[in-house]
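There are 2 protein chains.
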Amino acid sequence: MPRLFKRVTIAGVGLIGGSLALAARAAGLIGEVVGLGRGEDNLCTAQQRGIVDRYSHDPLDAARDADLLLVAVPVGAIADVVRACASALRPGAVVSDVGSVKEVVLRDVEAQLPAGLSFVGAHPIAGIEESGAAHAAADLFRGSRCILTPGRRAGADAVAKVRALWEGVGMRVDQMDAARHDDVLACVSHLPHALAFSAVNALLDADATFADFAGPSFRDLTRVAASSTEMWCDIFLANAAHVDRAITTFVAALEQLRHAIVRGDAAQIKERLERAQAARRQWSAARP
Amino acid sequence: MPRLFKRVTIAGVGLIGGSLALAARAAGLIGEVVGLGRGEDNLCTAQQRGIVDRYSHDPLDAARDADLLLVAVPVGAIADVVRACASALRPGAVVSDVGSVKEVVLRDVEAQLPAGLSFVGAHPIAGIEESGAAHAAADLFRGSRCILTPGRRAGADAVAKVRALWEGVGMRVDQMDAARHDDVLACVSHLPHALAFSAVNALLDADATFADFAGPSFRDLTRVAASSTEMWCDIFLANAAHVDRAITTFVAALEQLRHAIVRGDAAQIKERLERAQAARRQWSAARP
Numbered sequence: 439m440p441r442l443f444k445r446v447t448i449a450g451v452g453l454i455g456g457s458l459a460l461a462a463r464a465a466g467l468i469g470e471v472v473g474l475g476r477g478e479d480n481l482c483t484a485q486q487r488g489i490v491d492r493y494s495h496d497p498l499d500a501a502r503d504a505d506l507l508l509v510a511v512p513v514g515a516i517a518d519v520v521r522a523c524a525s526a527l528r529p530g531a532v533v534s535d536v537g538s539v540k541e542v543v544l545r546d547v548e549a550q551l552p553a554g555l556s557f558v559g560a561h562p563i564a565g566i567e568e569s570g571a572a573h574a575a576a577d578l579f580r581g582s583r584c585i586l587t588p589g590r591r592a593g594a595d596a597v598a599k600v601r602a603l604w605e606g607v608g609m610r611v612d613q614m615d616a617a618r619h620d621d622v623l624a625c626v627s628h629l630p631h632a633l634a635f636s637a638v639n640a641l642l643d644a645d646a647t648f649a650d651f652a653g654p655s656f657r658d659l660t661r662v663a664a665s666s667t668e669m670w671c672d673i674f675l676a677n678a679a680h681v682d683r684a685i686t687t688f689v690a691a692l693e694q695l696r697h698a699i700v701r702g703d704a705a706q707i708k709e710r711l712e713r714a715q716a717a718r719r720q721w722s723a724a725r726p
Numbered sequence: 439m440p441r442l443f444k445r446v447t448i449a450g451v452g453l454i455g456g457s458l459a460l461a462a463r464a465a466g467l468i469g470e471v472v473g474l475g476r477g478e479d480n481l482c483t484a485q486q487r488g489i490v491d492r493y494s495h496d497p498l499d500a501a502r503d504a505d506l507l508l509v510a511v512p513v514g515a516i517a518d519v520v521r522a523c524a525s526a527l528r529p530g531a532v533v534s535d536v537g538s539v540k541e542v543v544l545r546d547v548e549a550q551l552p553a554g555l556s557f558v559g560a561h562p563i564a565g566i567e568e569s570g571a572a573h574a575a576a577d578l579f580r581g582s583r584c585i586l587t588p589g590r591r592a593g594a595d596a597v598a599k600v601r602a603l604w605e606g607v608g609m610r611v612d613q614m615d616a617a618r619h620d621d622v623l624a625c626v627s628h629l630p631h632a633l634a635f636s637a638v639n640a641l642l643d644a645d646a647t648f649a650d651f652a653g654p655s656f657r658d659l660t661r662v663a664a665s666s667t668e669m670w671c672d673i674f675l676a677n678a679a680h681v682d683r684a685i686t687t688f689v690a691a692l693e694q695l696r697h698a699i700v701r702g703d704a705a706q707i708k709e710r711l712e713r714a715q716a717a718r719r720q721w722s723a724a725r726p
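Chain order of the listed sequences is D and W.
The first sequence maps to residues 439 to 726 in the numbering used here.
The second sequence maps to residues 439 to 726 in the numbering used here.
Take the hints with a grain of salt, since some may be wrong.
Restraint ranges, calculated between C-beta atoms of paired labels, are given here [claimed, not checked]: (1) D:610 with W:466: 49 to 59 Å; (2) D:610 with W:469: 52 to 62 Å; (3) W:642 with D:679: 14 to 24 Å; (4) W:530 with D:706: 42 to 52 Å; (5) D:593 with W:697: 40 to 50 Å; (6) W:702 with D:477: 21 to 31 Å; (7) W:577 with D:566: 20 to 30 Å; (8) D:650 with W:466: 28 to 38 Å; (9) W:700 with D:643: 38 to 48 Å; (10) W:521 with D:650: 26 to 36 Å; (11) D:568 with W:530: 12 to 22 Å; (12) W:552 with D:646: 34 to 44 Å; (13) W:642 with D:499: 47 to 57 Å.
Among the chain D residues that face chain W by a calculated CB cut under 7 Å, a handful are [stated by the list, open to error]: (14) 482; (15) 583; (16) 633; (17) 653; (18) 659; (19) 674; (20) 682; (21) 695.
I should point out that these hints are in silico values taken from the structure, not numbers from a laboratory.
Don't be surprised by glycine CBs; every beta carbon is placed ideally from N, CA and C.
Turn these sequences into a full structure, and let the hints steer you where they fit.
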């Protein structure tokens, strides 16, 4: 595989940024890697693990002459990081991110991106509950999906290189517009997180002592309620309209089931459960 | 451990009934075991695996002279099985079940239980997605909780023996009245199932093709939507009032989060997420 980028600046050397650096270096896709961040301990760990060659706390220093700026910080901070780095990048450089929400980010980044730079948003749908460079792993992305949401001013060459980067670390890459991405993710990821957080809150509202009797169904339903609250607050705010719509769709489905239960309508309950069961089993069977 | 029951009839030799027979026999808690059921293949498997000594399709034959009738059939069928077996049981015998809903079952069973028999409801909170005697395992219950909901006419000796049975197969046993059991289980188990089924239905309502992009958060949230629809229809109907109330509590919690998101109220979102995260992490830390 030919080298795609000579010098990469990774802003936010956490689980995702760190894992991409490890995987892309192992595949020979990128050359020098410079880390940009605030946490000294985390950046030091990243350097010790060979994730970055060097690091800096200064955006202009870290981004100097890079031909790829990969912004792997919380969604609400992406545009600010791009603004702080842009003038130091090599002419024609590619700017990308790994955020879970794309439309707001695209709008904010493109509004202030200097001419000659291409913004190609990306969302690698992978992750674990741990965070930080210490947990980065070269195989984190293998077999999972990545969605690209290129900006309107992104060059075809820039899009192709970002696609090759994520494909090169083992992902299946799709491309769609940012609004559709945000609609899809609101349903398959942001809604599940909203439900998990709310299910725990509902149990506390009902009677916290009930938790003593909670078993595997509660455990799995609420697993992601242990996730980073800062990151999820950020995602919910950045994708508010789509999350609102996904919640509406969900509440309607739940109320249909509730009304069938309250009416004692066994046929209608069975119809609802069988539809869900069939789809869930099919979904599961299609996955390794 | 002294033998608790000389002859046990297990009505419904599935995962739970079969596992109890294996575990209780291994611990020397019970003597002869007779299976009662409809499915010839399943009963044959149970006999081959040493779960039952013999089996019958005839209630009076299967229950003859038993000092424990353990009814491990769907909630809606328990009272009918007790009615069909009661006259053949040994005088003073104990009748128990393993249903996930207790109040309706207790009312229906006690309404027609012959004098001299004790009904001691039990709910071993354990299980896997598989069902049938083929998947029964002696260690299924170890370390999990069991709730006893004895009838008002149950003798103290009968309650003590049923408690000793479940403790003897490794469960931590609590006792409470049936209405409280149903309230607790609505919150920690029946609601999670209603949410899982409804989350899959909501995804189908939004756009079935979105499922291609669903990852681990969707997978875990909806795992139990692959469960038996017959059993869950039965549970929702038998515990309708408590499930209705649990859904109301949940929807209120979800709407609080939704309104904070729509208002863009970061402080309120964080407060909701942090409350849930702390409780979920604490719950998780308290478990092996």
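Hints and how they fare:
no., hint, in the structure
1, D:610 with W:466: 49 to 59 Å, "holds, 55 Å"
2, D:610 with W:469: 52 to 62 Å, "holds, 58 Å"
3, W:642 with D:679: 14 to 24 Å, "holds, 21 Å"
4, W:530 with D:706: 42 to 52 Å, "holds, 44 Å"
5, D:593 with W:697: 40 to 50 Å, "holds, 42 Å"
6, W:702 with D:477: 21 to 31 Å, "holds, 28 Å"
7, W:577 with D:566: 20 to 30 Å, "holds, 29 Å"
8, D:650 with W:466: 28 to 38 Å, "holds, 30 Å"
9, W:700 with D:643: 38 to 48 Å, "violated, 20 Å"
10, W:521 with D:650: 26 to 36 Å, "holds, 34 Å"
11, D:568 with W:530: 12 to 22 Å, "violated, 57 Å"
12, W:552 with D:646: 34 to 44 Å, "holds, 42 Å"
13, W:642 with D:499: 47 to 57 Å, "holds, 51 Å"
14, 482, "violated, 27 Å"
15, 583, "holds, 6 Å"
16, 633, "holds, 6 Å"
17, 653, "holds, 5 Å"
18, 659, "holds, 4 Å"
19, 674, "holds, 5 Å"
20, 682, "holds, 5 Å"
21, 695, "holds, 6 Å"
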